Amino acid sequence: DAGVTQSPTHLIKTRGQQVTLRCSPKSGHDTVSWYQQALGQGPQFIFQYYEEEERQRGNFPDRFSGHQFPNYSSELNVNALLLGDSALYLCASTHWAKNIQYFGAGTRLSVL
Amino acid sequence: EDQVTQSPEALRLQEGESSSLNCSYTVSGLRGLFWYRQDPGKGPEFLFTLYSAGEEKEKERLKATLTKKESFLHITAPKPEDSATYLCAVQLNTGNQFYFGTGTSLTVIP
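Residue numbers (my numbering), protein chains in the order written: chain A, 43 to 154; chain B, 17 to 126.
FYI, nobody ran anything at the bench for these hints, they're computed from the structure. In this text the structure is predicted, and so the values were computed from the model without any measurement. There may be inaccurate statements among the hints.
To be verified - Now the in silico label distances, taken between C-beta atoms and shown as ranges:
{"hint": "1", "chain 1": "B", "residue 1": "Leu-108", "chain 2": "A", "residue 2": "Arg-105", "range": "23 to 29 Å"}
{"hint": "2", "chain 1": "A", "residue 1": "Leu-154", "chain 2": "B", "residue 2": "Thr-83", "range": "43 to 49 Å"}
{"hint": "3", "chain 1": "A", "residue 1": "Gln-83", "chain 2": "B", "residue 2": "Glu-33", "range": "24 to 30 Å"}
{"hint": "4", "chain 1": "A", "residue 1": "Phe-111", "chain 2": "B", "residue 2": "Glu-76", "range": "25 to 31 Å"}
{"hint": "5", "chain 1": "A", "residue 1": "Gln-59", "chain 2": "B", "residue 2": "Ala-69", "range": "45 to 51 Å"}
Stated by the list, open to error - Subject to a maximum C-alpha distance of 25 Å in a straight line, what follows is the list of computed SDA-like cross-link-like pairs (lysine to any residue):
{"hint": "6", "chain 1": "A", "residue 1": "Lys-140", "chain 2": "B", "residue 2": "Glu-72"}
{"hint": "7", "chain 1": "A", "residue 1": "Lys-140", "chain 2": "A", "residue 2": "Gly-45"}
{"hint": "8", "chain 1": "B", "residue 1": "Lys-79", "chain 2": "A", "residue 2": "Gln-83"}
Positions of the beta carbon are idealized from the N, C-alpha and C atoms, including for glycine.
Bound-form chain A, shown alone (with noise of 0.2 Å):
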């Protein structure tokens, strides 16, 4: 059973540029949660995605967007890129009317 996987693993961008990060959910789940994380910090919530909606968001700039397709799949974009948007980022799923959340191993995102 493939757990949460996300692509790519790591990403080189700079500033001003947008860019796309993807995540396939854990089998059977249907929601998934972004979350930034900084080095040496927890996880931030971003949003999160049920039946292809944004159902809750955390304290980030519109420039964060997302989105979840028909197969629970979902895709983070981040518009013009700032430096301090370097960060992991990682992509939790879980069933909607459960709430353990399993997360993938992230994408290591570097803006110069």
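Guided by the hints, dock chain B onto chain A, whose structure is given.
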């Protein structure tokens, strides 16, 4: 304001030297408290979830406990492979998002 604080930030133990990690929380309404283990460059790995004060969960050398204000992760006779960052997260009863602490970096020396 909802807050999760973990202590200590870092902990070095000799192999076999038992200790405890602390997670204190101030939240409006707790739905659940979660412990995760994170190895360098990897995503958090689920360990335990606790829902009510007095609850305890155990797995190998790890035991998690919960009170109304804090949770402890007890590590008994740790081994070098227990070295990792341990993250605590709370889930509020108003939504599904997790609020994480900054973690405790544990190093177990052979």
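Status of each hint after checking the structure:
1. B:Leu-108 with A:Arg-105: 23 to 29 Å: holds, 26 Å
2. A:Leu-154 with B:Thr-83: 43 to 49 Å: holds, 46 Å
3. A:Gln-83 with B:Glu-33: 24 to 30 Å: About 27 Å separates the Cβ atoms of A:Gln-83 and B:Glu-33, which means 24 to 30 Å holds.
4. A:Phe-111 with B:Glu-76: 25 to 31 Å: Between A:Phe-111 and B:Glu-76, where Cβ atoms are some 38 Å apart, the hint is violated.
5. A:Gln-59 with B:Ala-69: 45 to 51 Å: Given a distance of about 48 Å, which is inside 45 to 51 Å, the answer is holds.
6. A:Lys-140 with B:Glu-72: holds, 20 Å
7. A:Lys-140 with A:Gly-45: OK: A:Lys-140 and A:Gly-45 at ~16 Å, within 25 Å.
8. B:Lys-79 with A:Gln-83: With a Cα-Cα distance of about 24 Å, the restraint between B:Lys-79 and A:Gln-83 holds, given a limit of 25 Å.
Of the hints listed earlier, the one the structure fails to meet is number 4.
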